[in-house]
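Q: These are the residues of each chain, in order.
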Amino acid sequence: MAKIGVFVCHCGENIASMVDTGTLVKAMSDHPGVAICNEYKYFCSDPGQETVKRAIREHNLTGVVVAACSPRMHETTFRKACAEAGLNPYMLELANIREQCSWVHSEKNQATSKAIEITRSLVEKVKRNNELKPISVPVTRRALVIGGGIAGIQAALDIAGAGREVVLVEREPSIGGHMSQLSETFPTLDCSQCILTPRMVEAIQHPKITVMTYSEVEEVEGYIGNFTAKIRKKARYVDMSKCTGCGDCIQKCPVKKIPSEFECGLGKRTAIYTPFAQAVPNVPVIDKSRCTYFKNGKCKICEKSCQIDAIDFEQQESVETFEFGAIVVATGFQIQDTSVYGEYGYGKYKDVITGLHFERLASASGPTAGKIQRPSDGKEPETVVFIQCAGSRDPSKGVKYCSKICCMYTAKHAMLYTHKHHGSNSKIFYMDIRAAGKGYDEFTRRAIEEDGADYLRGRVSKVFEENGKLIVRGVDTLLGKPVEVAADMVVLATAMTPQPDAKQFAKRIGIGYDEYGFYNEAHLKLRPVETAKAGIYLCGACQSPKDIPDSVAQASAAAAKVLGLFSREQLEREPVVAAVGETTCAGCWGCVYACPYNAIEKKDITDRNGNLIKQVASVNPGLCQGCGTCVTFCRSNSIDLAGFTEKQIFAEVMAL
Amino acid sequence: MGIQEQYRSEAAALLSSGEVKLVIGFGEGSTADRRRPLFARTPEEAQKFVLDAACIANLSTYLVTEGLLSDGKKVAVFLKPDGIRSVNILISEAQLKPDQVVILGYAIDKAEITALEGRNISDFSLGEEIRSHTPPPHILQEAERIEEMNPAERFEFWKAHFSKCIKCYACRQVCPMCYCRRCIVDVNQPQWVSTSSHTLGNFEWNIVRAFHLAGRCAACGACDRACPVNIPLRLVNYRMGKEVIDAFDYCAGENSSQKPVLASFKQDDPETFIL
Numbered sequence: 001m002a003k004i005g006v007f008v009c010h011c012g013e014n015i016a017s018m019v020d021t022g023t024l025v026k027a028m029s030d031h032p033g034v035a036i037c038n039e040y041k042y043f044c045s046d047p048g049q050e051t052v053k054r055a056i057r058e059h060n061l062t063g064v065v066v067a068a069c070s071p072r073m074h075e076t077t078f079r080k081a082c083a084e085a086g087l088n089p090y091m092l093e094l095a096n097i098r099e100q101c102s103w104v105h106s107e108k109n110q111a112t113s114k115a116i117e118i119t120r121s122l123v124e125k126v127k128r129n130n131e132l133k134p135i136s137v138p139v140t141r142r143a144l145v146i147g148g149g150i151a152g153i154q155a156a157l158d159i160a161g162a163g164r165e166v167v168l169v170e171r172e173p174s175i176g177g178h179m180s181q182l183s184e185t186f187p188t189l190d191c192s193q194c195i196l197t198p199r200m201v202e203a204i205q206h207p208k209i210t211v212m213t214y215s216e217v218e219e220v221e222g223y224i225g226n227f228t229a230k231i232r233k234k235a236r237y238v239d240m241s242k243c244t245g246c247g248d249c250i251q252k253c254p255v256k257k258i259p260s261e262f263e264c265g266l267g268k269r270t271a272i273y274t275p276f277a278q279a280v281p282n283v284p285v286i287d288k289s290r291c292t293y294f295k296n297g298k299c300k301i302c303e304k305s306c307q308i309d310a311i312d313f314e315q316q317e318s319v320e321t322f323e324f325g326a327i328v329v330a331t332g333f334q335i336q337d338t339s340v341y342g343e344y345g346y347g348k349y350k351d352v353i354t355g356l357h358f359e360r361l362a363s364a365s366g367p368t369a370g371k372i373q374r375p376s377d378g379k380e381p382e383t384v385v386f387i388q389c390a391g392s393r394d395p396s397k398g399v400k401y402c403s404k405i406c407c408m409y410t411a412k413h414a415m416l417y418t419h420k421h422h423g424s425n426s427k428i429f430y431m432d433i434r435a436a437g438k439g440y441d442e443f444t445r446r447a448i449e450e451d452g453a454d455y456l457r458g459r460v461s462k463v464f465e466e467n468g469k470l471i472v473r474g475v476d477t478l479l480g481k482p483v484e485v486a487a488d489m490v491v492l493a494t495a496m497t498p499q500p501d502a503k504q505f506a507k508r509i510g511i512g513y514d515e516y517g518f519y520n521e522a523h524l525k526l527r528p529v530e531t532a533k534a535g536i537y538l539c540g541a542c543q544s545p546k547d548i549p550d551s552v553a554q555a556s557a558a559a560a561k562v563l564g565l566f567s568r569e570q571l572e573r574e575p576v577v578a579a580v581g582e583t584t585c586a587g588c589w590g591c592v593y594a595c596p597y598n599a600i601e602k603k604d605i606t607d608r609n610g611n612l613i614k615q616v617a618s619v620n621p622g623l624c625q626g627c628g629t630c631v632t633f634c635r636s637n638s639i640d641l642a643g644f645t646e647k648q649i650f651a652e653v654m655a656l
Numbered sequence: 001m002g003i004q005e006q007y008r009s010e011a012a013a014l015l016s017s018g019e020v021k022l023v024i025g026f027g028e029g030s031t032a033d034r035r036r037p038l039f040a041r042t043p044e045e046a047q048k049f050v051l052d053a054a055c056i057a058n059l060s061t062y063l064v065t066e067g068l069l070s071d072g073k074k075v076a077v078f079l080k081p082d083g084i085r086s087v088n089i090l091i092s093e094a095q096l097k098p099d100q101v102v103i104l105g106y107a108i109d110k111a112e113i114t115a116l117e118g119r120n121i122s123d124f125s126l127g128e129e130i131r132s133h134t135p136p137p138h139i140l141q142e143a144e145r146i147e148e149m150n151p152a153e154r155f156e157f158w159k160a161h162f163s164k165c166i167k168c169y170a171c172r173q174v175c176p177m178c179y180c181r182r183c184i185v186d187v188n189q190p191q192w193v194s195t196s197s198h199t200l201g202n203f204e205w206n207i208v209r210a211f212h213l214a215g216r217c218a219a220c221g222a223c224d225r226a227c228p229v230n231i232p233l234r235l236v237n238y239r240m241g242k243e244v245i246d247a248f249d250y251c252a253g254e255n256s257s258q259k260p261v262l263a264s265f266k267q268d269d270p271e272t273f274i275l
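Same order as they appear, the protein sequences are chains F and W. Everything in the first sequence is counted per the numbering used here, starting at 1 for the first residue and increasing by one. Everything in the second sequence is counted per the numbering used here, starting at 1 for the first residue and increasing by one.
Hints in this document: simulated from the structure, not taken from any laboratory. Misleading hints may appear alongside valid ones.
Claimed, not checked - Label-pair ranges, simulated between beta-carbon atoms: (1) W:33 with F:656: 49 to 59 Å; (2) F:656 with W:109: 47 to 57 Å; (3) F:611 with W:153: 49 to 59 Å; (4) W:152 with F:58: 52 to 62 Å; (5) F:656 with W:111: 50 to 60 Å; (6) F:73 with W:173: 44 to 54 Å; (7) W:164 with F:58: 54 to 64 Å; (8) F:319 with W:265: 18 to 28 Å; (9) F:526 with W:168: 56 to 66 Å; (10) W:164 with F:73: 47 to 57 Å; (11) F:583 with W:173: 17 to 27 Å; (12) F:611 with W:152: 52 to 62 Å; (13) F:106 with W:225: 48 to 58 Å.
As the list claims (entries may be wrong) - Straight-line C-alpha distance at most 30 Å; calculated DSS-like pairs for lysine-lysine: (14) W:159 with F:647; (15) F:603 with W:159; (16) F:603 with W:74; (17) F:603 with W:266; (18) F:295 with F:233; (19) W:259 with F:603; (20) W:266 with F:230.
Unchecked claim - What the simulated footprint calls covered on chain W by chain F, stretch by stretch (three residues with Cβ under 8 Å from a Cβ of chain F suffice, anywhere in the stretch; the number is not a length): (21) 88-95; (22) 110-121; (23) 181-187.
Positions of the beta carbon are idealized from the N, C-alpha and C atoms, including for glycine.
Go ahead and model the full structure; you've got the sequences and the hints to work with.
A: Set out below in structure tokens:
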């Protein structure tokens with residue numbers, strides 16, 4: 001005989017102001033099988049939980065319904081309370097009379113009768129609940145970090161620092177990411193490579209970190225604690241175990257005029273190359289599409305120049321499979337293609353460049369060795385105009401969001417330019433100066449007050465060439481007047497965008513993304529580094545535009561989450577999993593295709609002599625996430641989901 | 001030699017050589033214009049086969065009889081293109097093994113009957129034929145007429161038809177796609193579909209049936225012919241099939257390696273309905 005306790009929560013005024021809880025309590029008290037029904041201001045409070053526990057003990061309850069908020073809020077709380085009072089925690093149901101009732105209605109009588117219906121249907125469900133026990137699954141305590149920029153490096157170092165194995169995968173020939181392209185970093189103006197390269201070296205030397213460069217994650221299968229990832233190692237055509245990084249091959253390579261990706265096209269590279277001098281690992285790759293040998297079948301000069309035979313034109317790409325317990329996605333960003341702004345003349349005039357170009361010009365390791373020179377004629381510019389929000393905060397042509405870093409790096413560029421070229425003149429067109437961050441506002445003030453950056457509040461309408469000068473025509477909205485500046489160079493603060501293949505990659509590993517392609521966190525405020533897929537975490541600019549301090553902080557946060565997961569050998573999982581009724585399964589395999597977690601296998605049913613009678617579907621409870629997709633697909637109703645069985649759902653529906 | 005004699009002797013040869021254990025074809029019916037299924041296990045029985053323009057039933061439905069093919073032996077069957085299409089679907093749903101079925105194919109064009117080349121399912125490529133297939137004109141006209149109704153009129157139309165349903169399940173028994181060992185209507189713990197034949201229960205059954213056939217129907221029309229109270233079931237299946245083609249560019253039974261349309265996905269499927 002069912003003895004159900006029903007506990008109606010007021011949630012302060014949240015529920016009580018719209019639902020007549022007295023009527024609800026009375027209706028539930030009269031319902032068959034309900035042994036006790038109480039109301040209270042906050043059942044989630046300590047005394048509230050005590051009431052529930054006491055009722056379980058005193059009335060020997062077989063099931064509990066708390067009519068309160070969404071199970072997403074307090075299911076865990078009350079399950080624990082039930083367990084402490086000796087009741088199986090899965091004998092609890094939360095009737096959501098807040099989000100699905102009091103918050104969305106404005107007529108008290110109707111809201112009250114709806115609350116009664118909701119609660120009654122959950123009482124009918126809980127009568128049919130079964131006692132469930134959590135499932136234990138083993139955890140592979142090795143992490144996969146995807147992306148070798150500063151965020152990925154930091155996450156890898158933190159996880160490895162705690163003694164866990166990490167595989168760090170980077171698709172470019174070297175780790176380092178965008179940070180290795182930067183000159184100095186705000187707000188301290190320390191050299192980017194000077195602070196980054198020690199981390200890169202630490203990562204590659206760390207005994208617990210396996211760095212896989214020129215590699216891409218091709219496929220991820222499995223679930224939290226038990227992922228299997230296939231990683232494609234592209235052919236480098238250089239034997240990493242032999243190469244000493246002497247660079248002879250690079251010097252001898254006859255194809256020298258390839259625009260360097262690392263230098264944003266401002267410098268040149270050879271067909272066999274390392275992207276930059278401090279590359280980690282310092283092993284070159286052969287760009288197959290540019291190499292003379294691969295194009296014409298003749299050359300191999302690099303092979304001849306190599307004294308230790310490290311060049312291997314026969315090398316093939318290979319796919320390696322690893323087991324992982326957790327995955328950190330740190331795939332970073334790209335900058336927006338600014339050619340959509342025809343009026344700024346990007347692509348038309350050589351001296352209209354992006355912020356990233358300017359970083360390379362200002363970098364001591366860059367194509368001009370740190371001298372600010374115009375790309376067109378190599379002259380030092382006298383006047384530079386910086387245009388902020390050249391893409392960001394522009395719903396019509398660019399992107400709606402703020403790229404967050406541009407205000408700061410533009411101030412930095414103006415400063416670096418003044419420091420390198422005294423008496424120069426920088427003019428910055430801006431919408432607002434967004435300098436929130438430790439030392440950030442002081443930094444922009446310094447650019448204005450000490451380094452003479454001239455800020456003009458307004459948008460630029462057009463950039464055009466006249467008598468060898470770039471004429472920047474815009475408006476100063478503070479003066480309310482149009483302005484025209486004759487500049488030698490124009491720097492556009494281009495928007496940060498997701499990687500071009502971000503969406504495909506998200507689909508491949510099964511995480512969500514927003515309208516732009518930035519990856520979705522599980523909760524913007526409370527679970528910022530987790531994804532909706534358990535065991536996959538996020539850090540860096542793949543989640544949203546971010547500067548270095550934020551990326552690093554988020555990387556360490558993701559590492560903390562991974563280490564929390566790795567702190568135990570076994571992981572307890574919800575027992576809400578599907579099971580197949582083997583007698584009625586027709587073996588059509590629809591569920592096998594439908595399962596998004598590949599949790600359903602084919603199972604042979606044999607007689608006692610081992611002869612095959614038939615094949616049926618079988619759910620692996622370790623893989624099943626309890627989504628119920630298979631249940632809805634099964635035409636013969638042969639699959640049932642623990643905690644949400646057909647009988648329970650039917651009783652719920654019939655009680656309405 | 002006419003096709004009937006040709007297939008009689010071929011069936012006899014298949015049986016006497018032991019290649020197949022059974023040939024499923026047509027025999028004389030209760031009236032001159034009706035045919036009934038004939039199951040021949042000996043060459044002598046094969047001489048009773050009849051094949052003419054009256055052989056319109058889809059015999060593939062007998063192939064999924066429980067236990068028939070579990071011994072691994074082969075069965076030959078007389079099939080029109082719609083029956084071959086059913087076999088494709090049944091193979092893709094793992095209910096048949098391609099090598100266990102020998103197809104004695106034929107096509108009917110008005111009163112003309114012709115033999116089809118090929119004996120194994122892989123010999124038949126139906127893709128284009130199925131895509132360009134249109135139902136008979138009277139079905140098409142009726143479908144268009146219903147399409148033009150407003151939702152209330154359409155509801156009344158189906159209510160009138162479904163209210164006639166006596167829940168005899170002849171539509172289920174005759175359909176090759178209804179191979180479940182236990183049909184959902186026979187589940188009584190809990191009883192989702194009411195078994196009594198009142199309008200609600202009849203709606204439940206017919207709508208469940210329509211959904212279970214969406215993207216699976218071979219358009220053979222067997223259910224329509226089997227219905228003793230003349231519910232135009234073909235119209236329902238036709239409409240669901242059209243929906244599946246429009247939404248997923250999927251046409252059931254084009255080949256035998258299709259994945260079930262409602263249980264599989266493509267990376268470029270639109271996700272607009274997911275919040």
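Q: Look at each hint and say if it fits the structure.
A: Here's how the hints hold up against the structure:
1. W:33 with F:656: 49 to 59 Å: Given range 49 to 59 Å: holds, Cβ gap about 53 Å.
2. F:656 with W:109: 47 to 57 Å: holds, 55 Å
3. F:611 with W:153: 49 to 59 Å: Given a distance of about 57 Å, which is inside 49 to 59 Å, the answer is holds.
4. W:152 with F:58: 52 to 62 Å: holds, 56 Å
5. F:656 with W:111: 50 to 60 Å: holds, 57 Å
6. F:73 with W:173: 44 to 54 Å: holds, 50 Å
7. W:164 with F:58: 54 to 64 Å: Taking Cβ atoms as reference, residue 164 (chain W) and residue 58 (chain F) lie about 58 Å apart, which means the hint holds.
8. F:319 with W:265: 18 to 28 Å: holds, 24 Å
9. F:526 with W:168: 56 to 66 Å: holds, 57 Å
10. W:164 with F:73: 47 to 57 Å: holds, 50 Å
11. F:583 with W:173: 17 to 27 Å: At 21 Å between Cβs, range holds.
12. F:611 with W:152: 52 to 62 Å: holds, 57 Å
13. F:106 with W:225: 48 to 58 Å: This hint holds: roughly 55 Å between Cβ atoms.
14. W:159 with F:647: holds, 29 Å
15. F:603 with W:159: Roughly 43 Å separates the two Cα atoms, so the pair is violated.
16. F:603 with W:74: With a Cα-Cα distance of about 24 Å, the restraint between residue 603 (chain F) and residue 74 (chain W) holds, given a limit of 30 Å.
17. F:603 with W:266: Holds, at about 26 Å.
18. F:295 with F:233: holds, 22 Å
19. W:259 with F:603: holds, 19 Å
20. W:266 with F:230: holds, 20 Å
21. 88-95: Holds, because 3 residues of the segment 88-95 of chain W bring their Cβ atoms closer than 8 Å to Cβ atoms of chain F.
22. 110-121: It is violated, with 0 qualifying residues against the three required.
23. 181-187: holds (count 5)
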